[in-house]
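Q: Chains as they are written, first to last, in numbering that gives the first Met the number 0: chain A, 0 to 340; chain B, 0 to 340.
Please note: incorrect hints may appear among the correct ones.
Which copy? The list can't say, so a pair holds if one copy fits it or any two copies do.
Said to hold, decoys possible - Computed cross-link-like contacts, SDA-like style, restricted to lysine to any residue with a CA-CA straight-line distance of at most 25 Å:
#, residue 1, residue 2
1, Lys55, His196
2, Lys200, Thr94
3, Lys47, Trp120
4, Lys55, Ala135
5, Lys175, Pro53
6, Lys112, Gln315
7, Lys184, Ser321
8, Lys41, Leu238
9, Lys41, Gln315
10, Lys112, Thr38
I should point out that these hints are in silico values taken from the structure, not numbers from a laboratory.
Protein chains: 2
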Amino acid sequence: MSNSDHRPLTLRDVSEASGVSEMTVSRVLRNRGDVSDATRAKVLASAKELGYVPNKIAGALASSRVNLVAVIIPSMSNMVFPEVMTGITQILEETDLQPVVGLTDYTREKEEKVLYEMLSWRPSGVIIAGLEHSDAARAMLRASGIPVVEIMDVDGTPVDSVVGISHRRAGEKMAKAILKGGYRKIGFMGTTMPRDHRARKRFEGFTEVLAKAGVEIAEREFYSGGSALVKGREMTQALLERDPELDFLYYSNDMIGAGGLLWLLEHGYDIPNQIGLAGFNGLNLLKGLPRELATMDACRLEIGRRAAEIIANRVQDGADQSPVRIALEPMISYGDTLRRP
Amino acid sequence: MSNSDHRPLTLRDVSEASGVSEMTVSRVLRNRGDVSDATRAKVLASAKELGYVPNKIAGALASSRVNLVAVIIPSMSNMVFPEVMTGITQILEETDLQPVVGLTDYTREKEEKVLYEMLSWRPSGVIIAGLEHSDAARAMLRASGIPVVEIMDVDGTPVDSVVGISHRRAGEKMAKAILKGGYRKIGFMGTTMPRDHRARKRFEGFTEVLAKAGVEIAEREFYSGGSALVKGREMTQALLERDPELDFLYYSNDMIGAGGLLWLLEHGYDIPNQIGLAGFNGLNLLKGLPRELATMDACRLEIGRRAAEIIANRVQDGADQSPVRIALEPMISYGDTLRRP
DNA sequence: CATTGCAATGTTCGCGGTAACATCCAGATC
DNA sequence: GATCTGGATGTTACCGCGAACATTGCAATG
């Protein structure tokens with residue numbers, strides 16, 4: 000049962016223990032090729048007794064097949080990417096592919112490093128967040144010769160396939176809804192977003208629609224780090240102190256929106272009449288607040304699923320290798336904090 | 000720049016492009032051994048121009064060295080494990096080790112499968128949540144011959160090293176604090192926990208201390224799935240309808256605790272006098288609620304860091320391989336919802 | 001009973017690197 | 001000038017497995 004001498008086990012050990020060739024053991028363990036039931040049973044017994052675990056490193060080298068899919072995302076801590084991962088996992092579980100995650104912390108340097116690291120394991124595909132990469136990263140992706148799916152965002156030029164929503168459009172859509180709701184003095188709160196291109200695009204779409212209607216953002220506030228709920232409270236207070244006339248607050252994510260909502264309720268604001276508010280991302284983590292925050296669903300689960308499907312399809316041999324572009328439609332949810340038109 | 004014919008690049012390609020042997024290229028790319036500056040520059044230029052990415056599969060096979068650390072945890076979606084991951088990453092970033100995550104969904108079968116899968120990549124170490132594993136899993140861990148750190152929980156017998164808190168003690172500690180606060184009619188809410196051994200142990204420690212003081216849990220309620228915030232509200236309402244006399248509510252996690260808190264505030268309860276409440280896990284995600292929930296810090300970040308440190312130390316050659324046991328002390332935080340003694 | 005057919009099993013070679021050792025050569029040393 | 005030295009580079013032999021092909025043996029066939 001135990002491997003006390005501590006020489007790592009190999010196929011040879013199993014082969015000797017069961018009295019067949021290494022090749023036959025290999026066939027049994029991979030369920031490939033014809034093996035008699037008797038032999039199969041014998042081999043499985045020996046393998047189990049020894050506690051043998053096949054060496055995928057050797058296997059992958061010999062077969063030049065790796066069942067890994069690299070997933071490169073900025074962070075795991077903000078609820079949006081875990082949900083994307085769930086979607087990816089749901090699909091890949093039905094195949095023999097396996098996701099491996101790399102984190103970029105929203106920096107290009109790290110993205111490049113992580114990508115290099117991942118590609119050095121010769122995965123079968125790459126799913127990577129965003130369309131903005133360094134030239135080197137883009138070159139690596141292209142040179143890798145494997146299917147690449149860029150996710151989250153469709154506003155730009157993909158290397159290969161892309162699945163996401165248009166954040167520009169999401170911003171526009173929210174702006175229109177706010178205007179239709181009759182709001183005119185609008186405050187904006189978001190992260191300081193040097194590298195959050197998606198937040199930037201939403202903001203651009205948002206302000207453009209407002210501009211066309213002759214409305215300007217009256218006040219804005221940015222934060223980074225700390226508890227988002229607390230920051231939402233603080234920024235909301237700060238904004239309203241600067242301009243008590245504001246009748247709408249647009250938050251770049253639901254968490255700060257929730258903080259703002261709590262603060263407004265405590266201070267007796269009449270929502271959504273005296274003041275309306277909306278966030279972004281449809282975190283169902285937040286269902287159960289005193290009021291339901293207006294928000295926009297970024298289709299995260301679906302994005303993960305679609306991206307994984309593209310990879311899974313492409314990996315089959317003889318599969319169509321042409322790039323796919325999927326633009327999902329972000330759905331607005333009015334909740335209790337945005338007047339309906 | 001591009002590899003259009005699509006034969007994957009190898010060391011040989013770089014070696015031919017730069018006019019030196021493959022071995023020299025290998026040395027340059029790994030920064031190992033003596034190579035003249037001129038040669039180094041030449042090789043790096045060729046590698047970059049070709050867009051060559053070393054093949055770690057081949058490298059690992061040849062050197063039998065893999066810079067991966069398997070991290071096996073139940074889930075990524077409940078805020079506790081992401082924080083552990085952060086701790087692990089913080090430490091491993093200073094080394095050349097890299098974490099690779101596998102998810103078990105709180106089931107033993109999946110744990111066993113994921114472990115097998117991970118071990119087949121011959122990682123340099125394993126960090127795995129909990130002390131309860133199938134016999135097969137335990138056997139694999141032992142047979143692997145690599146450092147293993149079980150995390151989160153210290154109430155049990157580890158395979159090798161262990162870093163965590165005593166959940167039994169955490170439950171006891173909270174029970175004592177509640178009793179000292181003068182509460183006597185206590186309700187409990189948690190997940191249906193067939194496989195959440197840590198929640199179970201907390202519950203056991205909790206009830207035992209109460210029992211010694213002659214106090215019994217008056218009401219209890221369990222949930223699974225859905226939005227924790229909503230569930231917290233619903234369960235709280237249900238419990239108080241069944242027994243309006245309850246003067247304390249203990250929640251097995253902060254999220255449902257937050258839901259309960261919001262419900263109680265909306266219904267005009269006087270907290271913490273008429274009724275007190277406490278959760279578990281110290282999610283700073285939740286800082287910013289109208290009241291700060293009493294809770295207990297499970298030392299998640301620190302657990303991740305310590306576990307990673309153990310692996311990092313052991314991986315060095317000539318390192319002390321003896322098992323380590325680290326029991327961290329969970330700290331109670333009274334917040335605004337638990338009367339101080 | 002020799003021949004065929006096919007399932008079951010074995011053999012050879014190479015995947016793309018690296019460890020370990022071998023070689024080469026310019027400058028230092030006597 | 002012969003010898004030594006050590007940095008720079010090359011050669012050889014694997015690492016553990018799987019693809020492709022080779023072989024074996026036994027039942028079916030004429």
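Q: Work down the list of hints and note, for each, if the structure agrees.
A: Verification of the hints:
no., hint, verdict
1, Lys55 to His196, "neither (38 Å within a copy, 32 Å between copies)"
2, Lys200 to Thr94, "neither (35 Å within a copy, 37 Å between copies)"
3, Lys47 to Trp120, "between (28 Å within a copy, 18 Å between copies)"
4, Lys55 to Ala135, "between (29 Å within a copy, 19 Å between copies)"
5, Lys175 to Pro53, "neither (58 Å within a copy, 50 Å between copies)"
6, Lys112 to Gln315, "between (28 Å within a copy, 24 Å between copies)"
7, Lys184 to Ser321, "neither (47 Å within a copy, 66 Å between copies)"
8, Lys41 to Leu238, "neither (74 Å within a copy, 57 Å between copies)"
9, Lys41 to Gln315, "neither (32 Å within a copy, 39 Å between copies)"
10, Lys112 to Thr38, "between (46 Å within a copy, 24 Å between copies)"
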